[in-house]
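*Asks:* Next come the chains, spelled out residue by residue.
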Amino acid sequence: MGPSNFTSFLFKLTSWLGIVWLSTTIVRFILLSDSNKRVYNHTPGPCRILQGIENGSAGIEYVPELRLAFISNGLGGSDGEIGRILTYEFPEPKAEQDRSVKIHEAIPLKIQKSDSFRQDKFSPLGLSSFTSKGRVSLYVVNTHPERKCVEAFTFVKEKSLLQHRKSICDHKFNSLTDIAVVGADRFFVTNLAYFNNGWMQMAELSMQMNMGSILLFNGKTVEYAEKYSPSPSGIFYDTPRERLIVSSMINEVIQLYSVKRDLSIDHKLDISLLSSPGGLYVEQKSGDIFASFHPVLNSLIFHWLGTNEERKASPSQVLRIRMQNDDVSWVVTEPYANDGATISASNAVAYVNDQLLIGSLFGKCLLCDVDYPTLA
Amino acid sequence: MARLLIPVMIVLCGMTWRLYELLDFGRTVYNHRPGACRLVPGIDKGSEDVDLVREEGIAFVTSGVVFMQPHRAHVKGKIFLYDFNQKLGGGAPKAKELPIKGASFDQNNFHPHGLTHWIVNGVIRLYVINHSNDFKHSVEHKKSIKSPLFVRPNDLVAVGPDQFLLNNDGVAQTELGNVIEILTFYRGGSVVLWDGKEAHTVLSGMGGPNGAAFDAKNNKIFISEVNKRKVNVYDISKDKKTLTQVSSFDLYTVCDNLSMDNDGSVYCGCHPKINEAAVALNDCDGVSTSASQVLHMRFGEDFKTIAVSEPYANDGKELSGSSIAVVHNNQILIGSVCRGLLHCTIDDPSVL
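Protein chains in written order, with full-length UniProt numbering: chain B, 1 to 376; chain V, 1 to 352.
Hints were generated in silico from the structure; no laboratory data involved. Keep in mind that a hint or two might mislead.
Claimed, not checked - Here are some of the chain B residues that sit facing chain V, going by a computed Cβ distance under 7 Å:
{"id": "1", "residue": "N41"}
{"id": "2", "residue": "P46"}
{"id": "3", "residue": "D371"}
Said to hold, decoys possible - Each computed DSS-like pair below joins lysine-lysine, with the alpha-carbon atoms no more than 30 Å apart:
{"id": "4", "chain 1": "V", "residue 1": "K317", "chain 2": "B", "residue 2": "K37"}
{"id": "5", "chain 1": "B", "residue 1": "K37", "chain 2": "V", "residue 2": "K304"}
{"id": "6", "chain 1": "B", "residue 1": "K37", "chain 2": "V", "residue 2": "K230"}
{"id": "7", "chain 1": "V", "residue 1": "K317", "chain 2": "B", "residue 2": "K312"}
{"id": "8", "chain 1": "B", "residue 1": "K312", "chain 2": "V", "residue 2": "K228"}
{"id": "9", "chain 1": "B", "residue 1": "K220", "chain 2": "B", "residue 2": "K268"}
{"id": "10", "chain 1": "B", "residue 1": "K312", "chain 2": "V", "residue 2": "K304"}
{"id": "11", "chain 1": "B", "residue 1": "K37", "chain 2": "V", "residue 2": "K240"}
{"id": "12", "chain 1": "V", "residue 1": "K317", "chain 2": "B", "residue 2": "K268"}
All C-beta atoms, glycine included, are put in the ideal place defined by N, C-alpha and C.
Please work from the sequences and hints to get the whole structure.
*Replies:* Below you can see the structure in the form of structure tokens.
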């Protein structure tokens with residue numbers, strides 16, 4: 001066997017390995033795309049759309065002290081249309097008899113003009129908050145390509161106003177998606193992928209390369225909490241249980257981490273759900289994890305690639321995960337599912353006083369009554 | 001020789017993929033209920049079909065179906081009565097077993113399957129499909145109606161006094177034969193009309209027609225074709241002898257029996273994971289379970305479009321192998337092929 005035979009052998013070997021790798025990637029992509037999945041509609045009770053929100057409600061943060069939900073708006077806006085934050089005030093629990101008569105409206109907040117903040121370069125997505133001594137600090141992920149930062153605001157309730165305090169920017173913020181605040185100016189953020197957007201990001205996600213990351217801002221610097229994470233989309237900090245919940249969009253799992261005093265995280269377990277999770281919310285009292293999903297990924301891709309005038313509907317889904325006493329097993333129920341006709345691409349969720357608030361990537365925000373909270 | 005290997009492999013891979021998808025291997029069913037649910041006590045050998053007599057608010061339930069399983073011939077076939085007007089809240093709702101009288105009635109060979117009714121002069125006439133221990137078929141009424149055209153009846157629906165449409169879901173008479181019939185995609189199903197005196201074949205070459213429902217107001221017949229995972233809508237002629245297809249809907253799930261609601265919409269009990277159903281329906285007395293699902297179809301005015309919702313879904317642990325759903329008086333009864341009968345209260349119709 002001479003040198004030329006060996007090189008041709010090597011060549012054949014590498015080409016076969018290349019074909020094998022390509023075939024498995026294609027098959028894994030077809031399985032990921034959910035081409036065989038269908039979603040059937042059902043609600044946990046009567047639902048209605050929040051008035052005032054048309055082009056996106058991609059992030060929701062509920063502040064129990066004020067009974068107020070903050071909603072990110074504007075991802076679905078055309079170029080030039082600004083991003084906004086709106087609020088929805090939940091009725092007092094005893095006022096539920098009036099639920100059917102009340103008009104459900106989201107109020108837009110003014111953002112005070114300041115030198116540090118550019119209103120025209122603001123594209124809000126995930127949000128989180130920190131409340132102390134009655135003061136609410138709102139931290140918003142800005143996904144505008146020229147401002148890959150977390151914007152910190154102070155909320156002035158009496159004036160329905162947000163005052164911009166500062167922007168926290170870092171070159172490690174590749175594709176910021178969601179944020180979970182753990183203390184004053186201390187938070188975790190997720191990078192969905194290595195590439196920022198466009199075709200490179202889509203290719204990276206389709207090949208399931210797990211190059212996203214979870215970062216920690218400790219008040220001074222931005223560090224990697226988890227350098228290689230499988231497409232982390234949503235993130236939520238469960239304060240009473242000191243748990244960090246992270247949803248993995250492509251791997252279709254929800255990851256649980258325990259958070260230590262020094263804010264280092266320890267991976268505990270993965271909850272496998274076979275549907276792509278986006279937004280997260282943990283009910284304080286019970287510890288139940290509510291998550292919004294994109295059950296059919298190929299529909300989400302077409303939905304994402306569309307324009308505001310014409311977007312193909314993408315199904316929505318909300319699951320409720322109840323961890324059992326042993327902390328390693330769980331029970332899942334599905335309070336809400338929709339084929340996209342009512343609300344498309346659900347990306348955020350909150351559960352307050354037996355009502356489910358569901359936000360969508362580019363569209364309206366839905367509020368549903370949960371008639372049987374113990375069953376749904 | 002090696003050249004042939006690659007296209008053969010590709011075809012085999014394609015067929016395996018198709019089979020994987022058809023058998024629902026990659027599918028997950030999440031649990032949700034329209035309200036509080038509980039099993040009706042006393043029914044545990046099946047409630048395959050439920051027929052509602054709307055004027056009275058009562059429903060008849062068939063139990064103890066034995067289909068191509070000679071080793072289960074000992075299972076007692078029964079018919080239960082459920083009263084939708086009964087007072088709820090004091091424990092589980094009740095269903096009564098109806099005693100069957102008649103000189104020619106053979107309890108040992110009674111394994112009822114689908115049933116339907118027609119009211120004549122205030123008398124409710126029940127027509128029940130029966131399979132004997134050696135899998136001979138008949139429709140039981142005041143007498144036994146037999147016909148060579150009743151090849152393998154599954155469900156039937158009355159379209160007039162002493163007239164009914166009967167669905168034969170295939171031709172094979174044994175389990176093995178049925179497996180071959182399904183895997184080869186042989187279209188051996190047929191729909192037969194009994195006009196009071198004799199049977200006529202109305203449709204043939206179908207892929208497993210199973211459930212049937214009749215919308216008298218709009219003159220429409222609904223039939224679920226299980227092998228194709230579809231529900232078809234037909235116009236029925238005045239003489240009932242002709243069915244013309246209006247539309248066909250791919251529901252991507254195996255719909256078993258159908259029931260009509262007051263407003264013209266159709267409910268069906270479905271098997272969303274057919275791979276589980278294939279195992280569990282052969283293990284009726286054992287531990288295997290199969291996922292359950294109820295679909296609610298609302299038709300557009302021209303019956304060419306539908307809106308589908310899913311009032312109930314379960315992974316099989318609460319109800320296994322759902323085959324029928326009937327809604328009346330803010331309650332839903334969900335029957336299963338060979339296990340219990342589930343009853344749920346519905347507080348708000350928006351969940352349906």
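*Asks:* Hint compliance check: list the failing hint numbers for this structure, sorted ascending.
*Replies:* Violated: hints 7 and 11.
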